[in-house]
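Asks: Chain by chain, the residues run as shown.
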Amino acid sequence: MNDMRKLEREVDTKALKISARQCQVYYGNNHAIKDVDIDIEDKTVTAFIGPSGCGKSTFLRCLNRMNDTIDICRVEGDIRLDGEDIYDPKVDPVQLRAKVGMVFQKPNPFPKSIYDNIAYGPRIHGLAKNKAELDEIVEKSLRRGAIWDEVKDRLHAPGTGLSGGQQQRLCIARAIATEPEVLLMDEPCSALDPIATSQVEELIDELRTNFSVVIVTHSMQQAARVSQKTAFFHLGNLVEYGETGQIFTNPSDPRTESYITGRIG
Amino acid sequence: MTDASLNSPAASGPSQSLHKLDARTKKRNAAEARFEAYGLVAILIGLFFLAVLAFAIVRSGLPAFTKTVLDVEMNVSQQDFDAAESQLFKTKAYAGLFSKSLQAQLTEQGVTAPFDDAAIERIAGKVGGTIREFYRENPGQLGQPVSFELAAASRVDGYFNGRVTRDTLTESRFLMLSDLDLADALKEAGIVRNAFDWNFITGADSGVDNPGGAGIGASVVGSFFMMLVVLVLSLPIGVAASIYLEEFAPQNRITDLIEVNISNLAAVPSIVFGILGLAVFIQFMHLPQSAPLVGGLVLTLMTLPTIIISTRAALKAVPPSIRDAALGVGASKMQAVFHHVLPLAMPGILTGTIIGLAQALGETAPLLLIGMVGFVARGYPDGFLQGFVEPNSAMPAQIYTWAARADVSFYDKAWGGIIILLLFLLTMNIIAIILRRRFERRW
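One line per chain: the protein sequences are P and U, in this order. In terms of the working numbering, the first sequence opens at residue 1 and continues consecutively. In terms of the working numbering, the second sequence opens at residue 1 and continues consecutively.
Keep in mind that the hints were calculated from the coordinates and are not lab data. Do not rely on the hints blindly, as some may be mistaken.
[Claimed, not checked] Cβ pair distances, simulated, as ranges:
| id | chain 1 | residue 1 | chain 2 | residue 2 | range |
| --- | --- | --- | --- | --- | --- |
| 1 | U | L425 | P | Q24 | 39 to 49 Å |
| 2 | P | Q95 | U | L50 | 56 to 66 Å |
| 3 | P | P194 | U | S321 | 19 to 29 Å |
| 4 | U | E440 | P | D78 | 44 to 54 Å |
| 5 | P | S198 | U | S321 | 18 to 28 Å |
| 6 | P | T209 | U | S321 | 23 to 33 Å |
| 7 | U | F248 | P | N30 | 18 to 28 Å |
| 8 | U | P343 | P | D88 | 28 to 38 Å |
| 9 | P | D35 | U | R436 | 44 to 54 Å |
| 10 | P | D78 | U | P343 | 48 to 58 Å |
| 11 | P | Q95 | U | I433 | 36 to 46 Å |
[To be verified] When the alpha-carbon atoms are kept at most 30 Å apart in a straight line, the in silico DSSO-like pairs for lysine-lysine are as follows:
| id | chain 1 | residue 1 | chain 2 | residue 2 |
| --- | --- | --- | --- | --- |
| 12 | P | K140 | U | K333 |
| 13 | P | K129 | P | K34 |
| 14 | P | K106 | U | K316 |
| 15 | U | K126 | U | K100 |
| 16 | P | K99 | U | K316 |
| 17 | P | K90 | U | K333 |
| 18 | P | K152 | P | K99 |
| 19 | P | K131 | P | K90 |
| 20 | P | K112 | P | K90 |
| 21 | U | K100 | P | K99 |
| 22 | P | K112 | U | K316 |
| 23 | P | K129 | P | K140 |
| 24 | P | K34 | U | K100 |
| 25 | U | K333 | P | K129 |
| 26 | P | K131 | U | K333 |
| 27 | P | K106 | U | K100 |
| 28 | P | K112 | U | K126 |
| 29 | P | K152 | P | K43 |
Note that the coordinates shown come from a computational prediction; the quantities given were computed from them, not determined experimentally. Glycine included, each C-beta is placed from N, C-alpha and C at the ideal position.
Chain P on its own, in the form it takes in the complex (with noise of 0.2 Å):
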């Protein structure tokens, strides 16, 4: 617990983005998640921890209905983007997950060319009306993914050639090509070296000025590197959600004690 320089951040409050009531999801007969209650606020980084199983993942991904192609998956509940219900039957989830971006685990680019794997979201969104558009927009995207200086000579090599770090950074710029409002991270730095997860730390705090960006974390140090907000979840029940500096130095709940100190999880 030597990391946290970012403890006196100014914190202001910020508009609603998400907000979730008495969210419940089963896998089969397996309760998941119970009674999550949460708001995530708009322009800030919230950082899920947890130990493992105890359902943050889950919970992300029901913020972008990714949960809906796991065919035994039921979610219950009320989760809104900007007061809208997002499992309304009206909400057309590909609709919903191009404002709402995500990033995985493991980099995943497209087997294409690093330029296809940025303009696939664009183009499937018409997003650019013609080549030069689009051209603009890998390049911004590209820019913004803190990885243009390291792609822009070989943009028509293939995106799975690149290193791991360089694969997942190119992932961030392929979600935020399509402009989405929020951007999912489900522990997009495990699979990197520090070096590589320093740049990407990096990159989420920038990419808070435009965007809410909620990431799962192993990793306690990393939450309270680049949080404003943690939430955290143990056996499918939110235990404490608060501002980052508060949960790490004086949390309310003892299990979230006794997790940040390493004596459960």
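Put chain U on the given structure of chain P with help from the hints.
Replies: Okay, now just chain U, sitting in the frame of chain P:
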């Protein structure tokens, strides 16, 4: 670290030299060497049988591609022509002219042999008609030397191929022992020679009494149209069914039942599909008998399970992270499947398709039941569309028909047909490999 050093035995010397193998290692290495040897032996046995098969096929099949021909120079004058035309048995007169020319040619070469018109007819067949036909159509050639290339009788063909020998020949009205002397003399004089039989590759089947004229060309065309039907129907239907089952269908009892049934269908004997085709396509739907269209439909039913099973395996092998990635940037399920999953599964799908098509190409049993076996094919279809509905045979059915005929000369044709069948299969495989190369991507 400290724990580890506490538990280790105190200052024990080097246990055993690394330069000496201990008993366990020796045993393990021996087992490994044995296993390698088994594998090698298995592969060698496989290669041996493959070589024997290839040798047997080529050796027995090659005679089908050649025929024995007689080169005879004739010079028929106007008077000869008029004289022959005025006779009662006109073709016999021409045969006499032919016989005379042949004898002259033999004497010229200084070869003597027992000679009579009947023996000539047994060796060269009834040539009179052919010659008369030629001169009636080309009267301008009268009085000029014309060289004829005439096919020898199939038994003479067999004699020069080694299928018939002097010891095995049973004398009959088709061929006498003395005829063989004449045949040898003709060979010595350079009149009889071996020629490549284009008719075997391009021609249609012949009657049971004319093995020399039999060709596989028409049934190659029949097989081609059948494969076209199979490909056009089974690939889209099979791929669509697999995509639905694998990517869209909910996992429940009904889909489980469908899956089990598809797996079972792949193991159903082909003759069952044949009888189903007979009942449904011919007796109920009244589609034309012996048509490649019906053959193709039956073989489609047979090929579908193979294609569906291999396509599903190929789709399953695409990592789910690719689907997540596509859905994550807001692609619909269909876009994710068609833009990302399907291209990655394409090599596997093509492999399954080619296995299915190869199976269908070699299938004989269902064709027996829908009447593509056992008749003399008329020849080439009149046009592309007629190719689907006009009665035709298919290669395996044609081979089966030849092998079942009484005249042993057809046996050679059956072997030759197998060579053509294998070449057809090889061509299909090469096309599939080229396509697969184009679709293959690195991860």
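Asks: State the violated hints by number, sorted upward, taking the hints as numbered earlier in the document.
Replies: 1, 10, 13, 19, 20, 21, 24, 27, 28
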